[in-house]
Amino acid sequence: MARRAAPEVNAGSMADIAFLLLIFFLVTTTIETDSGISRKLPPPQEDNVEPPILKEKNIFVVELNKNNDLLVEEAPMELKDLREAAIAFLDNGGGKGADGCTFCQGAKNPSSSDNPTKAVISLRNNRETNYATYIAVQNELVAAYTTLRNREAQRLFGKSFVQMEKDVKDVNYTGSKETLKEDIKKIQFMFPEKLSEAEPKK
Amino acid sequence: MSKFKKKSGGELPAISTASLPDIVFMLLFFFMVATVMRQNTLMIENRLPVADQIEKLDKKDLVMYIYAGKPSSRYAASAGTQARIQLNDKFAEVADIKAFILAERASKREELVPFLTTALKVDGETNMGLVGDIKSELRDVQALKINYTTRTGEATDNLR
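The listed protein sequences correspond, in order, to chains A and B.
Heads up: the first sequence at position 89 corresponds to 89 in UniProt numbering, and the numbers run straight through without jumps.
Heads up: the second sequence at position 142 corresponds to 142 in UniProt numbering, and the numbers run straight through without jumps.
What the hints contain is simulated information worked out from the structure, not anything from laboratory work.
None of the values given here were measured: they were computed from a predicted structure.
Some hints here could point you the wrong way.
Using C-beta positions, here's what the derived DEER-type ranges look like [as the list claims (entries may be wrong)]:
no., chain 1, residue 1, chain 2, residue 2, range
1, A, 88, B, 74, 34 to 44 Å
2, A, 75, B, 115, 33 to 43 Å
3, B, 111, A, 13, 30 to 40 Å
4, B, 117, A, 182, 36 to 46 Å
5, A, 169, B, 103, 25 to 35 Å
Note that beta-carbon positions come from the ideal geometry of N, C-alpha and C, so glycine has one too.
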């Protein structure tokens, strides 16, 4: 029996085949965005419910008109100033006695909000407002709350609120998650996200 | 001539390309693993706005997607140029949202239903009227957890 060596397969074109596949996957890949601003809608209401009475000074009115102009407390404002204005309003702490705020660092202006727990931001938009503008405003208002929560969390627990929320989701976190959840609740109670959205004007 | 041929010692050796397939395969596997096949074929333009206060949606199977925006140029003739809603793979009306949410809920296990989130993938150029209509429909069916899907970036970039 004459033993013949098996002929060697030419692997020279392997690179070409691999390149072909690579290019296919390169073209079809779409990096999906699955992150965004999470919000909670208010539950549906019956028509005959009386709205709660709020003091005028505890409401921070943000309005977007159909030309995408931003009106804050009936005065025009640039978007970049909105975050600062919202922080100043929430952190004002102008209340006295039972309404007072022990941790606020704001101006204590008596004509602005009493207490972060009472302060309400009211956002109203027109039906013709651009969605991108609306998202930008939402983003700035959420950022105002996050900034204040971070500050208080840093003061009370030595780490930022964002870090605390990250730790709750982290499986490798070593400390007690129960106390962490309690701490998060405390911060959320100090600065509750009271962002009300009015029905848009026609 | 042979005088020249003999001096082959000084030539540069050819670079071996034998490991090229390995390198390419490595890249290939990376892209194969990282690729997420799209669930829905988009029939609308979908340039998402940007924001920086974002949270990641980690449980993909617990997310319901609602797309909205202007029909893309292929469908402009049949669907018009006004912003439309897309559910699954077809255009829908505002009134179809309730049925869509109920169908999505029915397809999930009962204990997971409270954790369902609605992701709104809305084009930045859309009017808020349509978004407001979607939101009021979602309120009516108690689908209260929503997420405005955005790209990452500075919020002021939206105004340009």
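Self-check item: Outcome of range test on Cβ distance (residue 169/A, residue 103/B; 25 to 35 Å)
Solution: Given a distance of about 30 Å, which is inside 25 to 35 Å, the answer is holds.
Quiz item: At the C-beta level, are residue 88/A and residue 74/B separated by a distance inside 34 to 44 Å?
Solution: Since residue 88/A and residue 74/B have Cβ atoms about 49 Å apart, the given range 34 to 44 Å is violated.
Practice problem: Starting from the hint 30 to 40 Å, judge whether the C-beta atoms of residue 111/B and residue 13/A obey it. | Solution: violated (53 Å)
Quiz item: Is it true that the C-beta distance of residue 75/A to residue 115/B lies inside 33 to 43 Å, as the hint says?
Solution: Between residue 75/A and residue 115/B, where Cβ atoms are some 42 Å apart, the hint holds.
Self-check item: residue 117/B versus residue 182/A beta-carbon gap, inside 36 to 46 Å or not
Solution: Roughly 25 Å apart at Cβ, these two residues miss the hinted range, so it is violated.
Hint compliance for this structure: hints 1, 3, 4 are broken, all remaining hints hold.
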